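A.B. asks: Read off the chains here:
2 protein chains.
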Amino acid sequence: MRAPQRVGRAGLPERVTIWEVGARDGLQNEGTVVPLAVKLEFLDRLAAAGLGVVEATSFVHPKWVPQLADADELLAAMTPRPGVRYPVLVPNERGLDRALAAGVRHIAIFASATETFARRNLNRSLDEQFAMFEPVVGRARAEGLTVRGYVSMCFGDPWEGEVAVDQVVAVGRRLVDMGCEQLSLGDTIGVGTPGHVQALIAAFRAAGVDLADLAVHFHDTYGQALANTLAALESGVTTVDASAGGLGGCPYARSATGNLATEDLVWMLDGLGVEHGVDLAALVATSVWMAERLGRPSPSRVVRALANADSAD
Amino acid sequence: MRAPQRVGRAGLPERVTIWEVGARDGLQNEGTVVPLAVKLEFLDRLAAAGLGVVEATSFVHPKWVPQLADADELLAAMTPRPGVRYPVLVPNERGLDRALAAGVRHIAIFASATETFARRNLNRSLDEQFAMFEPVVGRARAEGLTVRGYVSMCFGDPWEGEVAVDQVVAVGRRLVDMGCEQLSLGDTIGVGTPGHVQALIAAFRAAGVDLADLAVHFHDTYGQALANTLAALESGVTTVDASAGGLGGCPYARSATGNLATEDLVWMLDGLGVEHGVDLAALVATSVWMAERLGRPSPSRVVRALANADSAD
Chain B
1 MRAPQRVGRA GLPERVTIWE VGARDGLQNE GTVVPLAVKL EFLDRLAAAG
51 LGVVEATSFV HPKWVPQLAD ADELLAAMTP RPGVRYPVLV PNERGLDRAL
101 AAGVRHIAIF ASATETFARR NLNRSLDEQF AMFEPVVGRA RAEGLTVRGY
151 VSMCFGDPWE GEVAVDQVVA VGRRLVDMGC EQLSLGDTIG VGTPGHVQAL
201 IAAFRAAGVD LADLAVHFHD TYGQALANTL AALESGVTTV DASAGGLGGC
251 PYARSATGNL ATEDLVWMLD GLGVEHGVDL AALVATSVWM AERLGRPSPS
301 RVVRALANAD SAD
Chain A
1 MRAPQRVGRA GLPERVTIWE VGARDGLQNE GTVVPLAVKL EFLDRLAAAG
51 LGVVEATSFV HPKWVPQLAD ADELLAAMTP RPGVRYPVLV PNERGLDRAL
101 AAGVRHIAIF ASATETFARR NLNRSLDEQF AMFEPVVGRA RAEGLTVRGY
151 VSMCFGDPWE GEVAVDQVVA VGRRLVDMGC EQLSLGDTIG VGTPGHVQAL
201 IAAFRAAGVD LADLAVHFHD TYGQALANTL AALESGVTTV DASAGGLGGC
251 PYARSATGNL ATEDLVWMLD GLGVEHGVDL AALVATSVWM AERLGRPSPS
301 RVVRALANAD SAD
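Protein chains in written order, with full-length UniProt numbering: chain B, 1 to 313; chain A, 1 to 313.
Just so you know, the hints here were simulated from the structure itself, not pulled from any lab data.
Being a predicted model, the structure only gives us computed values, none of them experimental.
Be aware that a few hints might be false.
Derived list of chain B stretches under chain A, where covered just means 3 residues or more per stretch with a C-beta under 8 Å from a C-beta of chain A [to be verified]:
1) 20 to 30
2) 44 to 52
3) 98 to 111
4) 116 to 129
Sample of chain B residues with no beta-carbon within 12 Å of chain A, all distances over it, derived [what the hints assert, rightly or not]:
5) Thr146
6) Gly195
7) Gly208
8) Asp210
9) Ala212
10) Met268
11) Gly277
12) Ala309
Positions of the beta carbon are idealized from the N, C-alpha and C atoms, including for glycine.
Could you build all of it, start to finish, from the sequences and the hints given here?
C.D. replies: Encoded structure:
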């Protein structure tokens, strides 16, 4: 079987926007630097497969993410497809300058829900991170850009352990008030479970954040990513982050595990009859091609199953 | 983090029975025959970890499953733990004779929801399979044994493609009428999605089968197993099949993919606050130990994450 039987159910959105993060969140964890030409082909194949939002790269300092040191070159060389958004991660004002120079129209900032991760990842306190983001978001909005706010460690923190829902909402609320049009609630270490997901979404709604302004971002470290996505859809969320082929760190290396695989998400949405616009076969072919470039199999179960089915033909 | 944050949600069962199939459904797909002593230790460690139902072996003909050719020896040598059930798969009357001789108290039969799989797996038509099961179930019940009926290919069939819900219910209903106390609805090839799961359960309820008499059995071929389990719990199912470490065929080989990993299920249930009685650390240690015996890493995400965390201590 190349597709699931379609049996819908009540209480789910009719349509979901998949926010494809493979080329940024996926590749940034790859040790081997991927050539620019491969990145360009990857981005174009993702867009050609029907993904309407393809996060392209990041303007984080090359010292931290050497993989994405070619962000300026990549954006200069990229041919965008009509109707497709190519957001770029922007860590600070220097990054925003580069994004504006490159003609970027959609940016994302990366915030932490916890004190420890703010200090470790941003070298700032939880409060200080907002001072860093404020001019970025303000200037970006003044230039007519859209701004997404990633909130990381929403469901647990490797140093602090449990993270209070109220704390996550307080961080997200400040980002919305600052001008972020969408929040992506990230389970950076993959520990969350479906009740937690629904409680967090309910808390954001209670704090006055619209469902349309919330996205979810799950990692599959503990195998929970797709169940958590189902829970988020049940709560009415309509934007889901995913990574083609489950890219996002080698699944066999310590502490480095992948994002929710876009293909596994698409399979579930196809079965549920939820529209998404992606051509699964084209996406699987793209992930198989990318896995060959990276020299290891995709961790996506759907990619493995369908690639094996193809080779058995 | 060694445990998820506990955030329950309404509408789920308070307690779930995990029906552990690793020693039977898991091992039967392993090419290398596992020594009897290892199997005995595996069964005992599973029971010691708190699993209350540990499927022990199968009396299928050794020609078909050489891995379980030692079923009689295994049952003779096994020391059952008090309060733990050790069901055994019984394909036919000859198997039942062996089970009765071994003092087995709980058996399972294995039926097909589709014509093609009945012919390929049982060498009988869909209708003829019932004639084979009838004396097995009748005699077993007369001897005071409990009988579970596995229904395979409930969500799709590799040869027939889509499988109608009504057809699955008709097969399951005949097994219940014959005397099966529980049905295990199997997604043998892992293609099902959550709406399909809920539709099938609703159809069984409409056909007069109690929720308490339904179990679900998911394979993770397309990454859907845990999301489907969540859907089944939402529908009120309280028995879930799972395999320690995700045993059930090598995840890297064509068409052979694992069962839902017990550890990944336990992680979700722990987060949801649904009781199950299993000690996750003891179970992970068992799966790590078993993976070493089999010479390859467990496909369970939780096992990999926690085993890596341990080695990082």
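A.B. asks: Hint by hint, note whether the structure agrees.
C.D. replies: So, going through the hints one by one against the coordinates:
1. 20 to 30: The restraint on the segment 20 to 30 of chain B is violated, since only 0 of its residues have a Cβ under 8 Å from chain A and three are required.
2. 44 to 52: violated (count 0)
3. 98 to 111: violated (count 0)
4. 116 to 129: Our answer is that it is violated, as 0 residues pass the Cβ test (under 8 Å) against chain A, missing three.
5. Thr146: holds, 30 Å
6. Gly195: violated, 4 Å
7. Gly208: holds, 21 Å
8. Asp210: holds, 22 Å
9. Ala212: For B/Ala212, whose nearest Cβ neighbour in chain A is about 22 Å away, the distance exceeds 12 Å, so it holds.
10. Met268: B/Met268 not clear of chain A: closest Cβ-Cβ about 5 Å, inside 12 Å.
11. Gly277: At about 18 Å from chain A, B/Gly277 clears the 12 Å cut-off, so the statement holds.
12. Ala309: B/Ala309 is in fact no farther than 12 Å from some Cβ atom of chain A, at 8 Å.
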